[in-house]
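The lines below spell out each chain.
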Amino acid sequence: MVTRVTPDLSVQLGRLHLAYPTLMGSGCYGSGIEYAPFVDLARIGAVVLKSVTRQPRLGNPTPRLVHTPAGMLNAIGLQNPGIAWYLEHDVAKYADRPCAMVGSVAGFSIDDYAYVCERLAARAEIDAIELNISCPNVASEGETFACDPALTAKVVRAARATTDKTLIVKLSPNVTDIAAVAREAEAAGADALAVINTVRGMAIDVEAWRPRLGNVTGGLSGAAIRPIAVLAVYEVARAVRIPIVGQGGIETVTDALEFFLAGASAISIGTANFTDPRTPERIVAGLSEYLQRRNLTRIGAIVGRANRGFANRQEYEGDQG
Amino acid sequence: MVTRVTPDLSVQLGRLHLAYPTLMGSGCYGSGIEYAPFVDLARIGAVVLKSVTRQPRLGNPTPRLVHTPAGMLNAIGLQNPGIAWYLEHDVAKYADRPCAMVGSVAGFSIDDYAYVCERLAARAEIDAIELNISCPNVASEGETFACDPALTAKVVRAARATTDKTLIVKLSPNVTDIAAVAREAEAAGADALAVINTVRGMAIDVEAWRPRLGNVTGGLSGAAIRPIAVLAVYEVARAVRIPIVGQGGIETVTDALEFFLAGASAISIGTANFTDPRTPERIVAGLSEYLQRRNLTRIGAIVGRANRGFANRQEYEGDQG
Amino acid sequence: MPLLESTARVHATTVVDRRELAAGIIVLGFDAPELVAATRPGQYLMAIPPGGEVCATALGIYEAQGTRASILFFVTGKRTRALAELRPGDALTVMGPLGVGFDLSGGVRDVAIVAGGVGIASVLLPAQALLRAGARVQLYYGARNAALLVDAERFVTEGCELLAATDDGSRGHHGYVHEALARAPHAPDLILACGPTPMLRAVAKVAAERRVPAQLSLEETFACGVGGCWGCVVPIAATSAQAPSFPPAALGGSDVVNARVCTEGPVFWAHDLRW
Amino acid sequence: MPLLESTARVHATTVVDRRELAAGIIVLGFDAPELVAATRPGQYLMAIPPGGEVCATALGIYEAQGTRASILFFVTGKRTRALAELRPGDALTVMGPLGVGFDLSGGVRDVAIVAGGVGIASVLLPAQALLRAGARVQLYYGARNAALLVDAERFVTEGCELLAATDDGSRGHHGYVHEALARAPHAPDLILACGPTPMLRAVAKVAAERRVPAQLSLEETFACGVGGCWGCVVPIAATSAQAPSFPPAALGGSDVVNARVCTEGPVFWAHDLRW
Ligand SMILES: Cc1cc2nc3c(=O)[nH]c(=O)nc-3n(C[C@H](O)[C@H](O)[C@H](O)COP(=O)(O)OP(=O)(O)OC[C@H]3O[C@@H](n4cnc5c(N)ncnc54)[C@H](O)[C@@H]3O)c2cc1C
Ligand SMILES: Cc1cc2nc3c(=O)[nH]c(=O)nc-3n(C[C@H](O)[C@H](O)[C@H](O)COP(=O)(O)OP(=O)(O)OC[C@H]3O[C@@H](n4cnc5c(N)ncnc54)[C@H](O)[C@@H]3O)c2cc1C
Ligand SMILES: Cc1cc2nc3c(=O)[nH]c(=O)nc-3n(C[C@H](O)[C@H](O)[C@H](O)COP(=O)(O)O)c2cc1C
Ligand SMILES: Cc1cc2nc3c(=O)[nH]c(=O)nc-3n(C[C@H](O)[C@H](O)[C@H](O)COP(=O)(O)O)c2cc1C
Ligand code: FES
Ligand code: FES
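Residue numbers (the numbering used here), protein chains in the order written: chain A, 1 to 321; chain B, 1 to 321; chain C, 1 to 275; chain D, 1 to 275.
If you are wondering where the hints come from, they were derived from the structure by calculation, not from laboratory data. Hints are supplied without guarantee of correctness; some may be wrong.
Dumping the calculated SDA-like pairs for lysine to any residue here, alpha-carbon to alpha-carbon at most 25 Å [claimed, not checked]: (1) Lys165/B / Thr254/B; (2) Lys78/C / Thr80/D; (3) Lys78/C / Gly89/D; (4) Lys165/B / Ala239/B; (5) Lys78/D / Thr62/B; (6) Lys165/A / Glu88/A; (7) Lys93/B / Pro247/D.
Required output: the full structure, derived from the provided sequences and hints.
Written as structure tokens, this is what we have:
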């Protein structure tokens with residue numbers, strides 16, 4: 001006998017409980033408020049806020065965006081008012097938040113990360129912290145932390161020491177072995193991993209003979225990078241036990257399912273919001289339908305099931321009924 | 001006064017002179033013979049042959065191909081009859097070749113590469129050698145050489161010692177710093193660099209709960225990876241003085257121009273032949289028109305011109321007339 | 001969480017009217033009474049092309065009256081090609097109205113509107129509003145040739161004085177539209193302009209020379225269109241009323257901040273721009 | 001360089017006829033006399049969809065007579081959707097004919113053709129050839145329901161005996177088409193089959209049990225379609241006449257090699273397959 005119950009889509013990332021397994025990608029969704037006229041924020045899991053740094057940043061010169069086949073390049077350059085102003089003027093707006101708010105921290109030194117993380121995590125309006133150690137658009141100012149396992153370990157350890165709130169570490173695809181970086185982040189105390197940030201890329205204006213982006217290079221996102229992201233999640237899932245927030249080109253429920261099956265416990269939607277802000281609610285509805293059709297009661301049941309060969313994940317329970 | 005002359009599209013890669021700056025990507029164009037009913041091979045620069053290894057290889061299990069947004073994943077697994085059989089049965093077919101034939105060498109040890117390179121380069125029918133040290137689809141059998149600058153140096157030095165013919169070294173995008181690998185390849189004696197091979201990726205069948213490729217992972221090619229490839233060429237061009245064969249998602253003359261402006265002296269077309277085998281002749285015609293429109297007499301005039309900031313290339317001569 | 005005081009919404013509408021004004025220049029009319037009620041002159045919308053392309057596309061709100069709104073666009077790429085395939089009866093989803101419009105307060109009496117090419121799509125509503133308020137409206141309208149001066153007569157019917165300019169001289173002034181503006185015998189009270197960036201820069205220069213305040217509707221590559229991605233910025237004076245909230249001390253002597261064209265704009269005062 | 005002895009070419013043709021046989025099942029007819037002259041039953045072509053999608057798409061050559069050839073396809077994804085938009089007068093580029101067809105030599109008298117769904121597109125030409133040669137042709141034709149048994153009557157008109165099977169029992173045998181074949185009172189001389197892989201496996205099993213030689217037209221994901229990429233392989237017996245040139249010693253005791261469906265196939269003898 002099969003009873004059709006509404007499947008449980010909730011997910012636990014460290015101490016953070018989300019009603020839906022859908023996060024909105026940092027830098028793509030502002031503070032969430034910008035999207036409030038178009039979506040019911042109570043039906044998404046969390047907004048990951050735009051990354052904030054210790055000092056204010058004016059960001060990169062325009063143009064900051066280029067559309068490319070099945071994707072786009074961006075080079076925003078972490079424009080933000082700096083942590084002091086942010087705490088004073090912006091954070092209070094999230095007091096009555098309808099979904100979880102994840103603060104995103106960026107920086108240029110280990111001390112930067114720890115400093116900003118501590119202050120941001122101290123605020124009640126912020127439910128968890130994501131460490132953006134993988135932004136490809138500020139590389140001129142220093143090596144990307146997530147491209148070096150040892151640096152990753154150090155920065156995660158420093159941030160970990162400042163807060164008990166859930167710490168999500170965002171990894172870069174611009175490496176040879178993402179699993180090695182993931183292992184260091186886990187060992188250093190990360191509660192979850194965001195996989196992946198954008199892939200480094202460039203486009204050239206062939207009439208003007210110059211790069212299309214003011215910053216010369218940018219980060220590639222959207223459907224074009226989905227196969228790269230699915231593999232990254234798959235490899236990281238086999239290397240660590242902490243949950244993964246899969247992202248990179250998720251547009252439809254089928255795309256989202258690829259990430260869950262590859263080993264993600266939750267997903268993040270960035271660029272697809274620019275196609276249609278109704279994308280998150282369509283994906284949530286599609287996940288419910290899919291689980292019901294297969295007689296599964298919770299999203300956790302499919303996490304990491306693309307390959308029965310890996311043994312270090314506990315969600316396996318098979319189709320039921 | 002402006003005289004419209006047919007621009008010179010020829011290019012020199014080490015000792016190899018090509019009438020057209022268009023190579024057909026290894027593994028995408030068979031031996032060239034397969035495409036002879038559909039294109040005039042005399043109007044392309046060179047065919048880079050399917051990679052050959054020391055021992056015969058049956059290749060990866062089916063499915064070997066998956067279509068993805070603006071691209072495709074492949075995991076052929078270097079199916080080939082091995083160098084001995086290849087020399088005996090296949091190479092003689094190229095005696096009356098209408099364009100240059102570049103032999104592609106793959107392997108699993110430095111000795112493999114040197115062994116196959118020496119034997120293949122000794123044949124008069126083979127005009128140059130490309131070292132495929134960056135195939136992502138046989139990784140289970142050992143590290144990809146092009147992901148390690150030191151290994152790259154060793155394998156290039158070993159191959160270099162076996163022949164005076166032009167040696168093109170094919171680099172992988174699956175690294176943090178492709179310029180570092182490029183510098184090692186140049187120092188070890190490469191005459192030219194092929195930039196880039198495919199990007200590692202994966203796709204999952206969400207109904208069957210298994211990877212779509214028999215090999216689990218594969219290499220992503222096509223327009224989706226073009227921004228990644230353009231950046232790789234741009235970075236390598238600033239690191240080395242030897243010519244670059246740019247590739248990754250070139251479908252139109254505009255795409256080709258991006259690569260020349262980024263710093264490629266020649267381009268390679270792979271996946272776009274699957275869309276339409278007339279792609280190479282369209283691109284050659286388009287390059288001629290573009291150069292004429294801008295009163296340039298040779299393709300070399302635009303190489304590396306996307307950024308006037310780099311000083312180590314000699315082709316700069318500005319729009320003429 | 002306090003919502004923005006925004007009247008913008010997602011509107012699932014139906015195309016009721018399609019006109020091809022010239023080769024590759026399309027007007028699509030659709031029923032969207034709430035959008036019409038909320039729209040102020042100079043605002044735009046994000047149109048979601050059928051088929052799920054990567055990003056929605058920003059288009060001015062051309063007409064807005066009663067229940068009917070319309071968009072006017074040039075077919076330049078994938079997304080406008082997809083929109084051009086829509087026929088009456090087809091579904092069309094739009095988000096809007098978005099951005100700040102033109103500031104038509106202050107009782108201006110004599111206004112020059114400058115439109116270049118597709119810029120015409122954003123100036124009908126301000127022209128109508130000004131005419132309703134009793135102002136004199138001169139439309140300086142430039143295009144490559146006469147055939148591309150689409151709907152010019154429509155503006156005359158509404159009550160505008162038309163001053164055409166074409167690159168090939170096939171109608172009106174032979175040359176750029178800002179040249180016609182520069183030569184006008186008396187300066188207007190206010191200039192409103194929408195068109196390609198080089199035209200807007202030239203208009204700003206003429207406005208400065210003639211000491212006329214000018215509002216420019218800018219175009220940048222957009223991603224979100226709603227202020228969420230900070231991809232569409234233009235440098236403006238930190239002292240501008242449109243400057244985003246930012247710590248003044250952070251500017252290190254510079255008086256420039258990056259404002260979002262989609263949200264702080266698309267209309268900016270020419271004297272505020274630092275581009 | 002010695003060319004392959006190939007009659008395949010790129011043909012720039014024009015659509016002259018478009019029929020929708022059922023919802024999402026389209027036949028496009030086009031003029032291509034050289035293609036028709038070169039085509040053997042069971043061959044296919046690569047159709048280049050308008051709009052420059054990533055890969056051309058493999059489709060059986062459905063009809064080929066005089067100057068007119070046609071393709072019959074199900075709209076399943078991007079590429080077939082693009083082809084479905086073509087109308088009479090539109091340009092269509094195809095490459096072909098490609099692959100080896102069915103082997104109809106040997107004077108067979110009594111043939112069972114098994115077609116599942118879109119597999120029907122590859123079996124009209126062999127049916128016609130066999131009928132012309134005086135053979136009895138039984139068409140075992142399976143689909144989800146009666147409406148999807150497209151052009152069934154056409155085959156009857158040509159002279160085939162039709163044995164339908166539908167998943168929902170709406171016409172003919174209620175169940176799979178191979179079940180109908182398994183129950184046939186006498187075994188045919190030869191079986192030809194084209195359809196989904198599970199159907200082909202089932203047909204191969206029936207053929208083996210009844211000791212009838214069977215030729216199966218396989219489907220795999222293609223990239224080049226011309227033998228250049230080795231992406232479309234299927235394992236077959238190394239002893240098969242269709243096995244690609246390969247050093248026997250290399251097989252290490254295995255008797256299996258990977259053959260390209262696009263070039264060594266798409267038609268293989270069932271007994272050669274090692275899938
Ligand atoms: C606030 C605002 C309001 C606007 N209002 C209107 C309006 O009312 N009507 C209107 O028509 N437009 C308007 N635009 C412009 C419109 O948004 C863009 O032109 C539109 O997004 C075009 O989309 P597309 O996909 O059709 O073209 P795109 O593909 O974005 O192409 C646009 C241009 O870029 C070029 N291009 C595209 N890809 C490449 C490439 N790979 N290499 C080189 N060049 C390339 C094309 O040739 C074309 O000229 C407005 C823009 C803004 C910001
Ligand atoms: C030799 C040969 C002959 C053939 N002859 C014919 C013929 O005569 N007629 C015919 O109709 N077909 C034929 N086919 C099949 C045909 O080539 C393919 O079905 C066709 O390429 C479909 O292309 P498409 O882009 O429209 O669909 P695709 O996008 O390739 O989709 C095909 C199938 O894959 C599924 N799919 C696509 N993308 C995804 C995704 N991201 N996730 C999950 N599922 C997905 C779709 O649902 C669909 O069922 C033949 C194939 C071969 C090899
Ligand atoms: C315009 C834009 C801005 C972004 N800004 C940030 C950022 O500030 N911090 C960050 O961690 N990631 C940033 N990202 C990366 C996204 O959060 C996301 O990881 C990535 O785009 C891949 O997902 P997608 O393909 O769904 O967009 C940005 C992406 C885009 C497109
Ligand atoms: C089906 C397929 C097979 C390939 N096989 C090889 C190979 O054997 N050796 C090699 O060096 N590169 C191989 N490549 C990589 C291509 O030569 C090329 O570098 C890459 O696909 C990027 O270019 P493209 O986007 O134009 O295809 C293969 C690519 C494809 C799509
Ligand atoms: S387009 Fe996203 S902030 Fe303007
Ligand atoms: S599809 Fe390329 S070899 Fe068959």
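Taking the hints in turn, this is what the structure says about them:
1. A C-alpha spacing of about 32 Å is found between Lys165/B and Thr254/B, which places the hinted pair above 25 Å, so the restraint is violated.
2. Taken as a hint, the Lys78/C and Thr80/D pair is honoured in the structure, with Cα atoms around 19 Å apart against an allowance of 25 Å.
3. Distance restraint check for Lys78/C and Gly89/D: the Cα-Cα separation of roughly 23 Å lies within the 25 Å cut-off, and the hinted pair is therefore satisfied.
4. The suggested pairing of Lys165/B with Ala239/B holds, with an alpha-carbon distance near 23 Å, which does not exceed 25 Å.
5. Proposed proximity of Lys78/D and Thr62/B is supported: the alpha carbons are some 23 Å apart, at most 25 Å.
6. Our distance criterion of 25 Å between C-alpha atoms is met by Lys165/A and Glu88/A, whose separation comes to about 21 Å.
7. Between Lys93/B and Pro247/D the alpha-carbon distance is near 18 Å, which keeps this suggested pair within the 25 Å criterion.
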